[in-house]
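Student: Single-letter residue listing:
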Amino acid sequence: MGTELVDAPPALVLESVSKSYGDVVAASSLGLRAAPGELLTLIGPSGCGKSTVLRLVAGLERPDAGTIEIGGQVVAGARGWQPPERRRAGLVFQDHALFPHLSVHDNVGFGLDRLSRRDRSARIGEVLDLVRMGSLASRFPHELSGGEQQRVALARALAPRPVVMLLDEPFSSLDENLRAQVRADTVAVLRETGTTALLVTHDQTEALSTGDRVVVIRDGAIEQADTPQRVFESPATRFVASFMGEADFLPANVHDALLTCEIGVVSTVPGWADCDVDVDVVLRPHEVALAADPASSARVVAVEYHGAFVLHTVSLGSGRTLRSWQPHSVRHPVGTTVSASVAAGITPTLLVGDLAVTSPPPR
Amino acid sequence: MSSAATGRPVWSAAVVVIAVLVATPVAAVVVDGVFTTGATQLPVGLGAMVLTTLGLMLGVAVGTTLVGGGLAWLVTAHRFPLRDVLAWLLVLPLAMPAYILGFVFLSTFDSAGPVQGALRGVLGDGVWTPEVRSLPGAVVVMSLTLYPYVYLLARNALVEQSPGTYDAARTLGASRRRAFWKVLVPLARPSLAAGLALVMMETLTDFATVQYFNVRTVSVGVYLVWRGSFDPGSATRLSVLVLVFAVAVLAAERLLRGRARFHQQGARGRGLRPVTLTGWRSWGASALCLAVLGAGFVVPVLRLLAWALEDAAADPSGLVDPRFVDYLVNSLLVAAIAAAACIALSLAMGHGLRLGSGRLARSAAQLSTFGYAVPGAVVGIGVLLTFDVLDDALRGLGVPGGTGLLVTGSVLGILYAYVVRFLAPAYQAVDASFAKVSPTMTLSAMTLGASPRRILTRVHLPLVRPGVMVALVLVMIDAVKELPIVLLLRPFGFTTVSVWVFELASENFWEQAALPALVIVAAAIVPVAFLFRQVRLLDALHRVG
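As they're listed, the protein sequences go chains B and X. When we follow the working numbering, the leftmost residue of the first sequence carries the number 1, and every step to the right adds one. When we follow the working numbering, the leftmost residue of the second sequence carries the number 1, and every step to the right adds one.
Partial list, computed: chain B residues near chain X (C-beta under 10 Å):
#	residue
1	60
2	84
3	98
4	100
5	112
6	162
Covered, in the sense of this in silico footprint (three residues per stretch, anywhere, with C-beta under 8 Å from a C-beta of chain B), are these stretches of chain X:
#	segment
7	432 to 441
8	445 to 459
I should point out that these hints are in silico values taken from the structure, not numbers from a laboratory. Backbone N, C-alpha and C define an ideal beta-carbon position, used for all residues, glycine too.
The shape of chain X in the complex, shown without the other chains (with noise of 0.2 Å):
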């Protein structure tokens, strides 16, 4: 609201700095990809891996419409049992992060598992069984962990937006399927296309899942070529289209939105009631949305439980691995040191921002968001150039050995690698609270003679408190599960939670890789409830309403 010559000069110039800060990996990425001269030969196989890509996205798109959208429709426009429980239950499987459902689904589904073994005692063994560790089984799992998003801001839309619109639609002669069709669907879209784009972004950082899978995907290439090859110009081009495809996702969630703003006020209405179902439509409505939560959730659960009873049977003595100990404290602290910092960083933004400051400054801190986009690999390979471009620097000047210990002996480099990667949620968190303060409360305390920092630490930081508990889970819980990040600069000897589920699971070492799962599930139930609050406050509302 203030003009840029009110601004504060320090804190507009943080902003900047901040934004520098977090944009300087993902620039060294692009300018090492792109003008770094040399072996100018592209990676192997990069047309499959291309395709590879593009195929999963499809695919884990379809899927999660299909299922998100349909059981969105399903819950807000129908009653049957369950259905109060069920319409939030089916954001639980948010929690189950895709890397951990592919390893139990694998163990149940593969050719060793006991689905095809009972199938082959049925049939014989010569019964024809579908390759599960393939490009379908992985669009299945990532599609079953990540519905919820497409469902959420569908339900959104449809429970929230434009009863009133809805309501005139039907008063104008449409009948409940044209008024579905014409009105609500179209003005979902922004919303879907938001949700779509979420789950493009998660399917394509992802690390860990696509393996088990076999499925090479760019992401996936990025880090094997890296480490496999030890051919850095490759592997750096290959990030250069990793970043194209994030960009690509950016553009065509813009494209998909439109210029469409539906953000209506004030149309009250009774807006889509639903329609009771009878007979077996009710029971089948509520046997899906059940079959449904067990895939993605309840069973695999239940299965990781008798994994780690059974593995705590076995070996009595040690009940639990004291290494596991270790590295849940390795995940947690380095968690909470990348939240903290994290927080820090988006209260200085936003606090600069509404202080007043220029354009620069505004696009800066938009800048300093994309990094969410980028796959971890990406990060980790940007942040270990620019310690490169560091340590020469630092040699130039008479450093010997630069910052190489530093960053290969200490966590340094993977906290910076989370700054960058999860500053954009926990911004957008603390810049959401703030967009609820009003601007006259800054103004107000200006006026009564309060400095920048003072109105930081006793107006804004007070009245932002939601959005920095918010930001301390969201960036705990997504730093707790990354993976690529830890496995590119772990020091030697460190290890966290979720690398040593991915390297039990990777040899089928289940039994021992249960009770970590259970843990890293436990931990992403946290924000999954605060989810749930919204979508039965949502219910309590439109009850009321």
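Just chain B, with the same shape it has in the complex (with noise of 0.2 Å):
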């Protein structure tokens, strides 16, 4: 969906956008840009940086450097900053912060104050209709569930028409079982309306399911933004790797387009003919094949059920230890010897020291 948007000028753009909080790093020189309608989702480890993001663009922060576009208008640079409230910013929190002494009417109509009253109040049934709150317009916060009162979090957020929705792990405070629906409603919402929302979270079903693109955060800079195939299936870095999803590192090696590790050759590299480079292949568990074999020197150390899955760790000779999906009827007991193969038709990421590389690197 990225790749069609791309000519369109962007709604959201961060150049070389920096803040720090003493010594701590929360943003070093950040470059993202979202085009219109394009769900951004940014996801890192607690502490990376991610809110801060979020909280720069609202304007609950200012940069130490650098520039931050909403909508073609500049509201934080070398020449000015504009506050949160002359920002077209909606923000939704965790918490979801409703005005508790408000109706649910009067917390959508907050930030519609510079309409007409008529206006406002068709403004706010529309909204309401839009998150299937409309029956609910008279009720006050605290009569609400968590999955209602997040959405009205939402409506009172989209009412003001934001060029850019910003939202702080929305859907954290919400059951297990509630969070999946009312993630799905307001994905809906955003596709309906067109807005184009950066979303923070720190589940990575989370981002690489709903996110157009997926913005992988550390130390406050950006590991990788990049479609979730992409981030999933080709990191950019070891971070990247290990952090989005489950993987193990082995060395290996390239000698004329064949990878080779411990568990034996592994692919061919097409255009990594006429060298022989140290690499380190990424194998994620649902990638690793595993066979009872007598004679190899690999051995089961721990079985997790999980249902339809089994994961299995296995120690290799060397001590190093790599982890394999098997569907649930396959169980190979602790202890077992079996030796790990790489299933077919896969092409491993390699790294080379901490990122990962796609052609030999040149002698």
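Two chains, two frames, some hints: make the complex.
Tutor: Structure, rendered in structure tokens:
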């Protein structure tokens, strides 16, 4: 979806944005742009600065350096700074932050005080219908369930027609079984209104399943900003590989386009003929096949039953461990000697140092 | 939560301006007392005053710890007849200002009073009686009115804190007694320190009680030196000494609390279970509580009522002294204006900090609450000094008379001093309400396009209304009770109820003083009723949990 929108002017641009709190760097020369209607998910370990990005865009923090543009208008830069109330950025918090003394109707109308009475009521009705809360307009926040509160918070932020919507872990306060439904509803509303959105999450599955693009942040810097598929299948760095899903790293060697490591030949690497390079190979548990093999030096050391799948942890001859997902019908008891291999058709990511490489490094 | 960079300069500046406004009189005292040269002699009898002050504070600290802490333990850890009612009634003496209990106490136990009279009647004239107008007398009276601070905080600590920890101690084999001394008491230490600090502040700022009992503390010394010897230099130097005491109390509280932040969350458990007392012990416990309650509240109120009725009976034509109505209106009017001013300033500070302010503004807000620790006489002198400087400046600018007429001819000085002194309780109440408003609420309003002013009126004000109500009540009560500020700063012919009571009682016109004293007690019951609710809520929670 991202590609077809590339030509439109971006809804949000961050250029070399930096922000530190004392010695802690929360944003280090961040660059990011979001096309109109694009949904970006921001993910990273806690304290990585992903929420700081939202706060900088919303105007709740002032960057030390860099420029932020919303809808083509510079809101933070060398020449000036716009306070939050002058930016067209909507914000939904994890705790929803509904005004407890106002009804649902008045909460949603809070940001519409510049409209006439009639226009305001019309707009409130419109957004409440959008989130299917029209019938509860006269309720007060404490009379709503968590999911309903979340929908009102979304409606309230949408009402003034923000250019960009910022969502700070909006689903993490909800029950596990409610979360998927509310998430699907929210994404549907954002799509329907064509709203550009930045969604901060700490849930890898959520980041991969909701975003048009996933932005992985570590120590205030963007490690990778790419489609979910590319982030998962072609991680740009060792950190992204290990943070977005499970991954094991084995020292490997590419010799004449053939990738070998401790478990044998992994695959061919097209374009890597005529070279002999040491790399690390990224192996995800679902890519690793196991077969009982009395002659092998690898042994199953742990078996975790997860329902549909069973996670096997295998200790290789070298002492390194490798994990493998097996269908629930397959179970190699602890102590079984097994041979591990990589499923056919996989092109694993190769790392030199902490960075992924796609072509042989120059000699 | 927000960084300094996003704060609103106007609102941050407002916080700093308020703090400067409030700090000025105290700073004026310090500057004047420390730096002004001239007759460098210290006030006569300084050593005795310091010793008396220390003796009084020590005595009241021991007294309130024994009475307040003891009753809290008795009521929380035991079951006996009337316990549930007594648990909250024991807060009632807080509504009895020490200077009112003081004169009732004196009239009862002094040599001309009924008790000694009866003793002489039985044992003859030569019987020895202790001197009532003395330091021990003041200690008894002040302990009886101030113990509820310690009682409340100790009880909170015992009931609310760490039932899980207590249970853990018991399951680890500690006896009830050992768990109490080794777990509950250390955990309650910060609360006890806070309670004692409040008691010490009240003791230090007391003005009237100590005078009835001929106890010359430094706070009284300030007033007497200022009024009596017309020696402003000595008075301000003495004021600085009083400030040293106040700082010492605050420092001691910090020290006693240590680094302890025993805030236990989610630790659920049964906690301390009360044991049922039986036989004479159970009735003894009830009697002990009733005795304290009687001495601290019931008997004095009854005595005041009797006097008021006697007074009315003696002169049925003037059922209510017409002056009384005037004085009451004066009291209420000044108190209401002071409360409104304190609330407005507190709101401005809370709002300013909420919008995101820097360290300077946050420190300023902290600074502005110091006035509560400063005795009224010192604040009064500080206000006079401040207006003095202002006077000189205005005269320098060619304004004839400067502020002189404004201050001596109006209650402006009193109001200013009230704000300095009572901004702290108002701000703490409002701030406590602000603390319950999630920062995301403010931030949401901002991102929804609301200006700072709209956030104040549409979001902050409605949400902190409970704190505003508490602030209103607290400041009004304190202002109605306040004495030395009015005595020092009142314009000619201006009298409040508190001053009237003090003047009548000082001249032993008990009967006439009774009615206005009862009015003050009635007013003071209002905030105590708030405390009742808190105590009963705590009990209810404890019963459920």
